[in-house]
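Asker: Okay, here's what each chain looks like letter by letter:
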Amino acid sequence: MKPPAFDYVRPTSVGAALAALAEHAGDAKVIAGGQSLAPMLNFRLLAPAVLVDINGIAELDYIRDDAGGGLRIGALTRHHRLMTAPAVCDRFPVLAEAMRHVAHLAIRNRGTIGGSLCHADPAAELPMMAVLLDATLTLTGQSGVRRIAAADFFQGALTTALAQDELLTEVALPALPPRTSWGFHEFSRRAGDFALAAATATLTASDRRAADVRLAVTGIGETPLRLAAAEAALDGRPVDAESIADAVALVRAAIHPMDDLHGSGDYRRHLVGGLVARALEDAWRRPRAQSGEPT
Amino acid sequence: MNRTVTIGLTVNGNPVERAVEPRLHLADFLREELHLTGTHIGCEHGVCGACTVLMNGDSVRACLTFAVQADGAEITTVEGLGRVDDLSPLQQAFREHHALQCGFCTPGMLMTALDMIRKQIPPTQAAVRDALSGNLCRCTGYQFIVDAVVAVLAANVDTKEGDG
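As you go down the protein sequences, you meet chains A and B in turn. Read in the numbering used here, the first sequence has 936 at position 224, and its numbers run on one by one without any break. Read in the numbering used here, the second sequence has 199 at position 157, and its numbers run on one by one without any break.
So here's chain B without its partners, still in its complex pose (with noise of 0.2 angstroms):
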């Protein structure tokens, strides 16, 4: 018991390596041992949507998904998205139409706006709120957040972002 994994994965872009226990999820990973503390954790077992990041472009839980099960895999954090003077587009959406207010849900927000992009999720918003369930906000109402994700998706922005 107790045996450590020794794990590589790409994050963000830059290459991992770590030993971690077997138990430790990727969100914690995240967090403690690469100190990437924009994942944020609210429920720890897969309601809330906060820590979502993405595994090889797919959104996932982080905090439903082992470190060592990302072994090899290429992970997205918010930090690989724009930076605070270089806003990614869909970040930028987010700023214009102020859909953020604490922002502790606003990763896993971005980084399931990001999923969507990808996966062509048609700019409506029904398809959008429906997108987004997974993801809880108590500031917002939500309402501009599905703003500024239609609006994103509407644009069809050709984004850098996703590629980490």
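In isolation and in its complexed conformation, chain A is listed as follows (with noise of 0.2 angstroms):
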């Protein structure tokens, strides 16, 4: 179907970009990558008055060193760059896998992380791997900025906390542990397909034990969820099939996915269980972590 017809401006600043959210208040659609809203456009799901596109403020497009080992990622930043990044690959090889599984490759040549994050589709990636790793979101808005953890940010299925009048435009992740390790499993249909579920886990490993475990898990609610207590049944002990079926167990109880078209809650609770266990598998023996410490 064709899109509602929409006014346009393309703002070459985040004040201008602001500036245009505020004049057009409520009524406003900010356009990144357009891979998610565009579809929504040509559905008629959505019926803005204005679209605001903010792909041309450059100042918005980089992957900067932060204190620590950390990364700042400007909002903009394409699916595609961010998968190949050197340093996300080097510090953050999780988020580099995870985005593999992010659509296809026309889809992350234009999609961005600030998109995907905003939109919040309660099955994509981008939000679990923000869950996890502990990002802080900048939101910026004409009366100033203000930093959010991504546990915080995820309200409900495409809901967050972002105000209408304000852009997202910053995501920093701190530093992972040294020697981390890490899991990542998904479930779709078909090849870049939203998952039905997802897993995620990193952890660190010292004498036959866990430590710093985190888990996270998308696809089971309208929102992803950390897993705390399935995480500290972890720490201090070896991965093995004994504490795996502990933390499976804790999962299971943490979650209540919704049947629906692809498939049951119940479903969606027995594989949940199984890719948590696979990634957990997976963190326990991938060898080495990349996340900056020297082997």
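Some hints here could point you the wrong way.
Stated by the list, open to error - Some residues of chain B that are not near chain A, with every Cβ distance over 10 angstroms (derived): (1) 61; (2) 73; (3) 100; (4) 108; (5) 137; (6) 139; (7) 140; (8) 143; (9) 144; (10) 166; (11) 182; (12) 183; (13) 189; (14) 193; (15) 196.
Stated by the list, open to error - So these bits of chain A aren't anywhere near chain B, every CB distance computed over 12 angstroms: (16) 718; (17) 721; (18) 731; (19) 734; (20) 763; (21) 799; (22) 816; (23) 871; (24) 884; (25) 916; (26) 919; (27) 938.
Stated by the list, open to error - Looking from chain A toward chain B, a few residues come up when the C-beta cut is under 10 angstroms (computed): (28) 724; (29) 741; (30) 743; (31) 753; (32) 767; (33) 815; (34) 819; (35) 874; (36) 899.
Everything labelled a hint here was simulated from the structure, so no lab data went into it. Note that CB positions come from ideal geometry on N, CA and C, so glycine has one too.
Once you've looked at the hints, go ahead and assemble the two chains, each given alone in its own frame, into the complex.
Answerer: Next up, the structure:
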């Protein structure tokens, strides 16, 4: 279908974009890569009066070093660049792996990290990775800047803490602990489809004990989830059949997936447990992390 | 509402200027305004890949890109590759490997494969299948398309393609 008519502005600075959002209060949509927004327009699920195209704001397209080995990523950074940037591959290989599951080549050429996070699809990879990696998001408005943890940003399906007159401008990823290892597993019906469910884990291991365990899942509810109880259950133990079974039981108890077109809630609960187990096994077995510390 | 925006871009090496409605997507712009009907429209929501073109060298979905967003860009469509009597290496490989039947998906397949050459995707079945996964074909079963692309990547052909 063809999208409804809209007006179009293409600001070249964050300030001008915010002014445009304020001018059209509540009736403007920001378009970055447009890989989620354009389908919604073509389906006529949305009919904004104005599109504010931020592709001309060069100051939002960057990947920079942050203190202590972290990264600051501009909201306009394209998926393909995020997936292939040496700094991401070296310091956050789990993120690079997750990006391979984001749609397809042509979509990754256009789609942006800011767009994916703000769209907040409940089965998308990037929101889960932001939650796993304890990302801090910078939301910029005309009255100033506020920073919010990814875990607080996602409030529901397609719903975030971003106000209508704000722009997500930056995603900060704090460095992972030295020698962090990782796992990522996703199941989708076809390559590049949204996940039916996905799970990802990072941990460090010494003396056959896991530490710094982080575990996140998506596709099981309105937002991605960190699984604190399962993380705690693994801390200080080897990742083996017994500890994995404990973690999986805690994960399955913590989630409440709904039935939908693609599968029943029970199926998703079953599926995500298997994905969690595989992600943990990979994180435990994967030799030597690439988190910045020399091996 | 409905005011038009004047855009200037390069399509297959030719400068183009038009006044367009902001809601006109790039695939319709190419087909309706420029009569470049080689870019096909299948699903209009980014799933099928038939409308894939190159924008500044990167493959993009022309149905998910508005023409106004291509202002200042270099666009390459399938018409920018070879001609019937002078096929590009990729087109020649598709012909030799019987990589098309009805031809509806072929322009999108070719443009995606061009981006794979540019991005130096390794010439393996797995890598090519992964990179082609966003282009649907309902005739061939994909095998011959994958073979054709692998052959071109393996030959590491120094093509003129992508120059538009």
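Asker: Just double-check residue 100 of chain B for me: nearest Cβ-Cβ distance to chain A has to come out over 10 angstroms.
Answerer: Label violated. Min Cβ-Cβ 4 angstroms, cutoff 10 angstroms.
Asker: Checking the smallest CB distance to chain A, is residue 108 of chain B really beyond 10 angstroms?
Answerer: Since the minimum Cβ distance to chain A is about 7 angstroms, residue 108 of chain B lies within 10 angstroms and the statement is violated.
Asker: Once the closest CB in chain A is found, is it more than 10 angstroms from residue 193 of chain B?
Answerer: Its Cβ never comes within 10 angstroms of chain A, the nearest being 19 angstroms, so this holds.
Asker: Do the numbers back the hint for residue 743 of chain A, that is, is its least Cβ distance to chain B under 10 angstroms?
Answerer: holds, 8 angstroms
Asker: Non-interface claim for residue 189 of chain B: all C-beta distances to chain A beyond 10 angstroms?
Answerer: It holds; residue 189 of chain B is separated from chain A by about 18 angstroms at its closest Cβ, greater than 10 angstroms.
Asker: Checking a non-interface call: every C-beta of chain B should be farther than 12 angstroms from the C-beta of residue 916 of chain A. Is that right?
Answerer: At about 30 angstroms from chain B, residue 916 of chain A clears the 12 angstroms cut-off, so the statement holds.
Asker: So residue 61 of chain B supposedly isn't at the interface. Is its beta-carbon more than 10 angstroms from every beta-carbon in chain A?
Answerer: Its Cβ never comes within 10 angstroms of chain A, the nearest being 13 angstroms, so this holds.
Asker: Just double-check residue 816 of chain A for me: nearest Cβ-Cβ distance to chain B has to come out over 12 angstroms.
Answerer: For residue 816 of chain A, whose nearest Cβ neighbour in chain B is about 3 angstroms away, the distance does not exceed 12 angstroms, so it is violated.
Asker: Over 12 angstroms from every CB of chain B: does residue 718 of chain A meet that, or does the non-interface label fail?
Answerer: violated, 6 angstroms
Asker: According to the definition I'm using, a residue is off the interface if its beta carbon is farther than 12 angstroms from all beta carbons of the partner; does residue 799 of chain A meet that for chain B?
Answerer: holds, 19 angstroms
Asker: Far enough from chain A: is every CB of that chain over 10 angstroms from the CB of residue 137 of chain B?
Answerer: holds, 23 angstroms
Asker: A cut-off of 10 angstroms on Cβ-Cβ distance, and residue 196 of chain B was said to be off the interface with chain A. Does that hold?
Answerer: Given that every Cβ of chain A is farther than 10 angstroms from that of residue 196 of chain B, nearest at about 19 angstroms, it holds.
Violated hints, listed in ascending order, are 3, 4, 16, 17, 20, 22, 28, 29, 35, 36; each of the other numbered hints is respected by the structure.
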